[in-house]
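Participant: Take a look at the letters that make up each chain.
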Amino acid sequence: MSQPREQWGTRLGMILAVAGSAVGLGNFLRFPGQASQHGGGAFMIPYFCALLLLGIPIGWAEWTLGRYGGRRGFHSCPAVMGVAGRGAAWRYLGVLGLLVPLVVYMYYILIESWCLRYFFDYLRGAVDLGADPARYADASKALFVQVTGSDQDGVVYRGGLHESVVFWVVACAVNLALIYRGLSRGIERFCSWAMPLMALCAVVVLVRVLTLGTPDPSMPERSVLGGLGFMWNPDFGKLGDFDTWLAAAGQIFFSLSVGFGVIVNYASYARRKDDIVLSGLTASSTNEMFEVAFGGLITIPAAFVFLGASGAVGGTFGLGFNTLPVVFEYMQPLGRAIGAIWFLMLFLAAITSSLSMLQPVLAFLEEALGMPRRASTTLLAGITTAGSFWVVWFSKDLVALDTMDFWVGTAMIFVLATVQIIAFGWRMGLDAGFAEAHRGALLRIPAVFRFIMKYVAPVFLLVVFVGFCWQNLPSYLAGLAKNDVARWTMGVIGATLVGLLVLTRMGEKRWRAAGLDIDGRGPAPEDGP
Amino acid sequence: MTAGGWVFMLCSVSFVVGLAFWCFWRVLSAPPHRADETPPAGAPAAGAGPEARG
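Residue numbers (the numbering used here), protein chains in the order written: chain A, 2 to 530; chain B, 26 to 79.
Errors might be hidden in some of the hints.
Distance ranges between label pairs, derived from CB positions [claimed, not checked]:
id, chain 1, residue 1, chain 2, residue 2, range
1, B, Thr27, A, Leu124, 35 to 43 Å
2, A, Thr215, B, Leu53, 39 to 47 Å
3, B, Val42, A, Gly441, 24 to 32 Å
Hints in this document: simulated from the structure, not taken from any laboratory.
Even for Gly, the Cβ is constructed at its ideal location relative to N, Cα and C.
Turn these sequences into a full structure, and let the hints guide you.
Facilitator: Here it is, written out as structure tokens:
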């Protein structure tokens, strides 16, 4: 009997890795924008409702499915879903648990490399928006275009090796090196110091922001308290708006990394009788702490203090890469040092997430094709570099990135989360699911969650998904019709999906030939008394 | 910053920070992993294809 090749070293390491997967740019940049636009403090009412009815229950379902598959020796989403759903159809639906992390990684690694470049540029004093404050905003936008090459396709390669390419290569190499070292020696060890460091960076930036006071006495309304008020003053009128509830549910959903196929994979490496209920709740609450306590107190107030209400609104990229560099330029003393700490924090948030996107695919290549670590890492490097190169090359207006983000990084995770919660509540069954979840649990799931996980969460998901499609689908379909790059990018996504389906079929044949119970018909190891 | 803003901010931040610290306290005060755990008979090697079963 072989020993398991991969297992978490410590419970805390596993929790930090899962929390690291969840904590990303959205915690610091997307959440504050959504909250301030949808009722401020009042936004927290639908937000916490969604956390209790959607985020935490689906997270628990994924942890349970993953550990159940892991007890049977499977770690990839298709294999885990095959045994949990007891059939080939669920196995092939589980391919979405590979497609989502793989495609999201292809563009996420690029954003990660931007954070790394901004960090180094701040560190070496290369970010200089000029002497005229009136031109800071233009200079910041120009810097973003220079870093991303978003003014034309292929621009980062013209006139020699563009600096951004170097950072992209470094980011890819660091991810692959850590993945190659393995689950415990690579991901767990890295997250075990990266997460505390990220928290430390956030505390330093938070302290600086909260001590800004009123930098310009001629504009007394632009103060820290004014910024906090802009972020948190409740507008209860927004609670009657369906968009507010949709935004809150969407934020919780994306923030907790449910529906990515990552938790299923990570939980499959938990020991057979180790706790997953408290671990899942701890990972979720860590993510919430970063989002609400740091994201909610730093970004918007900092922007408001220097730029007023008009400067404190914007999307993820707008706030993070256009607005905040302007804020750091105004923020004296220590503005540029705080900028370096801020982008280091974003880089750490990004890399702990991108690592979690590689591991499910790596596990699949090893499991389905029987590849050793070196070969599977090499193949994964080839696939992800090619896919990411596509996003880097088609950089104009970030169309390739946006297309992948919408169709896979947003729409597809609703589908996968729905598949997973139905597999848990309806296919695996609540009795078996709760028994599996409570195996070795340090905390019991309250009984009310039986009803929530069977009925409320699937219906809530469906409502949110329909609302999301109703809001966004027309514009993206129109974009597909008139933009060649968007259509080609859909082709890349389609080709990736087909390739994964073919590999799953190959794995299925190998598993059957080896006599493995891939349809979960027999009892799982240690199912008995 | 209105009174309502203070209430929502303090309650939200206190709730998430309190929950996170309570969870970490429970995790850190729990007994550690049993390091000698081995796979049950019949289970394939974790993360491996059929060949890894030997």
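Participant: Using the beta carbons of Thr215/A and Leu53/B, state whether their distance is inside 39 to 47 Å or not.
Facilitator: Holds - the Cβ-Cβ distance for Thr215/A and Leu53/B, about 41 Å, lies within 39 to 47 Å.
Participant: Thr27/B and Leu124/A, beta-carbon distance inside 35 to 43 Å?
Facilitator: 40 Å, holds
Participant: Is it true that the C-beta distance of Val42/B to Gly441/A lies inside 24 to 32 Å, as the hint says?
Facilitator: 27 Å, holds
In this structure, every one of the numbered hints holds.
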